[in-house]
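A.B. asks: Based on these hints, arrange chain X on the given structure of chain W.
Protein chains in written order, with UniProt numbering: chain W, 1 to 273; chain X, 1 to 245.
These aren't lab readings, by the way, just hints derived from the structure by calculation. Possibly wrong hints are sitting among the right ones.
Restricting the straight-line Cα-Cα distance to at most 25 Å, the calculated cross-link-like pairs of lysine to aspartate or glutamate (DMTMM-like) are [unchecked claim]:
1) W:225 <-> X:145
2) W:262 <-> X:75
3) W:262 <-> X:221
4) W:225 <-> W:77
5) X:158 <-> X:209
6) W:49 <-> W:231
7) W:262 <-> X:89
8) X:237 <-> W:210
9) W:262 <-> X:181
10) W:262 <-> X:59
11) W:262 <-> X:226
12) X:237 <-> W:191
13) W:262 <-> X:69
14) W:49 <-> W:228
15) X:242 <-> W:191
16) W:49 <-> W:170
17) X:158 <-> X:221
18) X:242 <-> W:210
19) X:60 <-> X:75
20) X:242 <-> W:198
21) X:60 <-> X:221
22) X:34 <-> X:59
23) X:242 <-> W:14
24) W:225 <-> X:89
25) W:262 <-> X:131
26) W:262 <-> W:191
27) W:78 <-> W:7
Example chain X residues on the side facing chain W (calculated, C-beta under 7 Å, incomplete) [claimed, not checked]:
28) 50
29) 177
30) 202
31) 224
32) 227
33) 229
Because the structure is a prediction, the values reported are computed rather than measured. All residues carry an ideal CB built from backbone N, CA and C; glycine is no exception.
Listed here are the chains, written in short residue letters.
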Amino acid sequence: MNVLEVEHLNVWEERSGRNLVRDSSFRLAQGECLAIVGESGSGKSLTCKSIMRLNRNGIRHSGRIALNGEDLSILSDKAMRRYRGRRLCMIMQNGMSAFDPSRPIGAHLQETLGIHYDWSRAEREAKLAAAMIAVGLREPAAVMSRYPFELSGGMLQRVMIALALVLEPDVIIADEPTTALDAVTAYEVVEQFVRLRERLRSAMIFVSHDLGVVRRIADNVLVMKDGEIVEQGAAREIFSGARHPYTRYLVSSKETLSRHYKWLMGGVDVAQG
Amino acid sequence: MLKVEGVYQSYRRSGLLRRTNHEVLRNIGFEWEKGECLGIIGESGSGKSTLGRLLLGIDKPVRGSITFDGKPIADRKTRRGAISAVFQDYTSSINPFYTVRQAILEPLRLRKSENESFDFGSLLREVGLDESYLDRYPHELSGGEAQRVCIARAVASKPACILLDEAISSLDGSVQMQVLELLRNLRETFGMGYIFITHDIQAAAYLCDRMMIIRGGEIEELVRTEELANVQSPYAKELLRKVIS
Numbered sequence: 001m002n003v004l005e006v007e008h009l010n011v012w013e014e015r016s017g018r019n020l021v022r023d024s025s026f027r028l029a030q031g032e033c034l035a036i037v038g039e040s041g042s043g044k045s046l047t048c049k050s051i052m053r054l055n056r057n058g059i060r061h062s063g064r065i066a067l068n069g070e071d072l073s074i075l076s077d078k079a080m081r082r083y084r085g086r087r088l089c090m091i092m093q094n095g096m097s098a099f100d101p102s103r104p105i106g107a108h109l110q111e112t113l114g115i116h117y118d119w120s121r122a123e124r125e126a127k128l129a130a131a132m133i134a135v136g137l138r139e140p141a142a143v144m145s146r147y148p149f150e151l152s153g154g155m156l157q158r159v160m161i162a163l164a165l166v167l168e169p170d171v172i173i174a175d176e177p178t179t180a181l182d183a184v185t186a187y188e189v190v191e192q193f194v195r196l197r198e199r200l201r202s203a204m205i206f207v208s209h210d211l212g213v214v215r216r217i218a219d220n221v222l223v224m225k226d227g228e229i230v231e232q233g234a235a236r237e238i239f240s241g242a243r244h245p246y247t248r249y250l251v252s253s254k255e256t257l258s259r260h261y262k263w264l265m266g267g268v269d270v271a272q273g
Numbered sequence: 001m002l003k004v005e006g007v008y009q010s011y012r013r014s015g016l017l018r019r020t021n022h023e024v025l026r027n028i029g030f031e032w033e034k035g036e037c038l039g040i041i042g043e044s045g046s047g048k049s050t051l052g053r054l055l056l057g058i059d060k061p062v063r064g065s066i067t068f069d070g071k072p073i074a075d076r077k078t079r080r081g082a083i084s085a086v087f088q089d090y091t092s093s094i095n096p097f098y099t100v101r102q103a104i105l106e107p108l109r110l111r112k113s114e115n116e117s118f119d120f121g122s123l124l125r126e127v128g129l130d131e132s133y134l135d136r137y138p139h140e141l142s143g144g145e146a147q148r149v150c151i152a153r154a155v156a157s158k159p160a161c162i163l164l165d166e167a168i169s170s171l172d173g174s175v176q177m178q179v180l181e182l183l184r185n186l187r188e189t190f191g192m193g194y195i196f197i198t199h200d201i202q203a204a205a206y207l208c209d210r211m212m213i214i215r216g217g218e219i220e221e222l223v224r225t226e227e228l229a230n231v232q233s234p235y236a237k238e239l240l241r242k243v244i245s
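In isolation and in its complexed conformation, chain W is listed as follows:
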């Protein structure tokens, strides 16, 4: 059963008519994690935003996007709003701009949950606190009373993952969630994503240009270049025998670094995927 089906997605700039994503089709099965990789400007984020219908003004898209067989493009903006968060949950790259800067984190989370579920305030708080502890935020009450600028990038990323845990969406879309983090924090956040998948069993789209992270988390990989899908397949196959020269180039530049590192560390056990 495919949770999400994207068929012939085209994204273009209205003013210039420039094509940004061309004829992109892929599907996401229940519980699957699909990674979208590619350089900046290859159309990864545009694809995600088109699914969420969050593209900024002046960017248009066409094609069929179906969630559990239901065509999302015929939904009104109001109906689509109810889907965002509850059914399709997006985790952004920059936590600092993903939260309302003028209110404490807790107020924002309460509001989001209040829209989607008719739980009492105490219920919402209890669920949030449990989720925060699950993602390694040890003092949920303190975190909820803080403003976004008072938390580090890694903590904000965890708060977003905690919110996804409570919302239990059908599809989670994570757009470069580790790119703005330092290596150690990125490692911990990736571990949280792995556990999030285990717990919710929801499908996930994971956008990244870091192939190390992709190898750790993804079942399938979709490679984009200049707005087109150049290759898609099982993660293992992409890493061992990519067909497209561009994919091979991406994989080999990552391999050079990690092989050198492993050689230095004398083959001792480093985090592997």
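C.D. replies: Using the frame of chain W, we list chain X on its own:
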């Protein structure tokens, strides 16, 4: 040779009722030899960028001394031709009203050596670009290209040392690799040394001769890269284990 001895740095934090001193660096001491590539590794907030600013002389430590060939780094004359820098944010590193040609000439003009007929072509080819880039403006360059221009600018004055503060962190994976290769090649061609500040341990291990692991403003461990597998402190071990390869 760059010598750092007993360096402390702190910033005053003004609160509503009292002022507190926030200590960023504590008792930092190490030496950098000419031609060496030294990696400074740490998490965000560990003080590595603050240390970078001190090494460049754009900030002064509250205690301790930093000298280059025996002369204080805070003196502009010491720095001239000795050390230059490449920063993380390539978009704000080049004056947006300057073309690539003007950007590269900027440090040379400050040294009053711009009259020397300067071979832009070979310099740009050295960083993987060519003459056609000379009249472009920064906004016409991709991230990788802009960072290459920044590197070319740093190389132009032929310094003994280039300090790279997270210079590859905001580039895409494959472009990161190209820039790392470029830095390796430049080192062979010009014989310059690097101070490579980063949180990317794999990249540092690829480029550096020695690695300094810094935590909470203090040096946790300083090892030769070949000895990286034998780090002693528990923190360094954990840091190296948490590398997603």
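A.B. asks: State for each hint whether it applies.
C.D. replies: Checked hints:
About 18 Å separates the Cα atoms of residue 225 (chain W) and residue 145 (chain X), which keeps this hinted pair within 25 Å; it holds. Between residue 262 (chain W) and residue 75 (chain X) the alpha-carbon distance is near 42 Å, which puts this suggested pair outside the 25 Å criterion. Proposed proximity of residue 262 (chain W) and residue 221 (chain X) is supported: the alpha carbons are some 20 Å apart, at most 25 Å. Under the criterion of a C-alpha separation no larger than 25 Å, the hint pairing residue 225 (chain W) with residue 77 (chain W) is inconsistent with the structure, at around 30 Å.
Under the criterion of a C-alpha separation no larger than 25 Å, the hint pairing residue 158 (chain X) with residue 209 (chain X) is consistent with the structure, at around 21 Å. Taking the CA atoms of residue 49 (chain W) and residue 231 (chain W), the gap is near 21 Å; set against the 25 Å cutoff, the hint holds. Proposed proximity of residue 262 (chain W) and residue 89 (chain X) is contradicted: the alpha carbons are some 30 Å apart, above 25 Å. Between residue 237 (chain X) and residue 210 (chain W) the CA atoms are separated by roughly 23 Å; this keeps the pair inside 25 Å, and the hint holds.
Restraint check: the Cα-Cα separation between residue 262 (chain W) and residue 181 (chain X) comes to about 18 Å, which is no more than 25 Å; the hinted pair holds. Proposed proximity of residue 262 (chain W) and residue 59 (chain X) is contradicted: the alpha carbons are some 37 Å apart, above 25 Å. Among the hinted pairs, residue 262 (chain W) with residue 226 (chain X) is consistent with the structure: their alpha-carbon atoms are about 12 Å apart, no more than 25 Å. Annotation: proposed proximity of residue 237 (chain X) to residue 191 (chain W) holds, straight-line Cα distance about 18 Å (limit 25 Å).
Of the pairs offered as hints, the one joining residue 262 (chain W) and residue 69 (chain X) is violated, with about 36 Å between alpha carbons and a cut-off of 25 Å exceeded. Restraint check for residue 49 (chain W) and residue 228 (chain W): the C-alpha separation of about 16 Å stays at or below 25 Å, so the hint holds. Distance restraint check for residue 242 (chain X) and residue 191 (chain W): the Cα-Cα separation of roughly 10 Å lies within the 25 Å cut-off, and the hinted pair is therefore satisfied. Of the supplied pair hints, the one linking residue 49 (chain W) and residue 170 (chain W) holds, its CA atoms being roughly 16 Å apart against a limit of 25 Å.
For the hint pairing residue 158 (chain X) with residue 221 (chain X), the CA-to-CA distance comes to about 31 Å; that exceeds 25 Å, so the pair is violated. Restraint check: the Cα-Cα separation between residue 242 (chain X) and residue 210 (chain W) comes to about 15 Å, which is no more than 25 Å; the hinted pair holds. With a CA separation close to 11 Å, the supplied pair residue 60 (chain X) and residue 75 (chain X) stays within the 25 Å bound. Straight-line distance between C-alpha atoms of residue 242 (chain X) and residue 198 (chain W) comes to about 21 Å, which keeps the hinted pair within the 25 Å bound.
Taking the CA atoms of residue 60 (chain X) and residue 221 (chain X), the gap is about 24 Å. The hint holds against a cut of 25 Å. Taken as a hint, the residue 34 (chain X) and residue 59 (chain X) pair is honoured in the structure, with Cα atoms around 22 Å apart against an allowance of 25 Å. Using a Cα cut-off of 25 Å, the hinted pair residue 242 (chain X) and residue 14 (chain W) is violated, with the two alpha carbons roughly 44 Å apart. A distance of roughly 24 Å separates the Cα atoms of residue 225 (chain W) and residue 89 (chain X); the hinted pair therefore holds under the 25 Å criterion.
Distance hint between residue 262 (chain W) and residue 131 (chain X) is unfulfilled; the C-alpha atoms sit about 39 Å from each other, more than 25 Å. Proposed proximity of residue 262 (chain W) and residue 191 (chain W) is supported: the alpha carbons are some 20 Å apart, at most 25 Å. The straight-line distance between the Cα atoms of residue 78 (chain W) and residue 7 (chain W) is roughly 23 Å, inside the 25 Å bound, and the hint therefore holds. Interface restraint check for residue 50 (chain X): the shortest CB-CB distance to chain W comes to about 15 Å, outside 7 Å, so the restraint is violated.
Taken as an interface hint, residue 177 (chain X) checks out: its beta carbon lies about 4 Å from the nearest beta carbon of chain W, inside 7 Å. The beta carbon of residue 202 (chain X) is positioned within 7 Å of a beta carbon in chain W (closest approach about 5 Å), and the interface hint is therefore held. Using the Cβ-Cβ criterion of 7 Å, the hint placing residue 224 (chain X) at the interface with chain W is not satisfied: the shortest such distance is roughly 11 Å. Hint on residue 227 (chain X) is violated. Least Cβ distance to chain W is approximately 9 Å, over the 7 Å limit.
Restraint check, residue 229 (chain X) versus chain W: the minimum CB separation of about 5 Å is within 7 Å; hint holds.
Hints 2, 4, 7, 10, 13, 17, 23, 25, 28, 31 and 32 from the earlier list are contradicted by this structure; the remaining hints agree with it.
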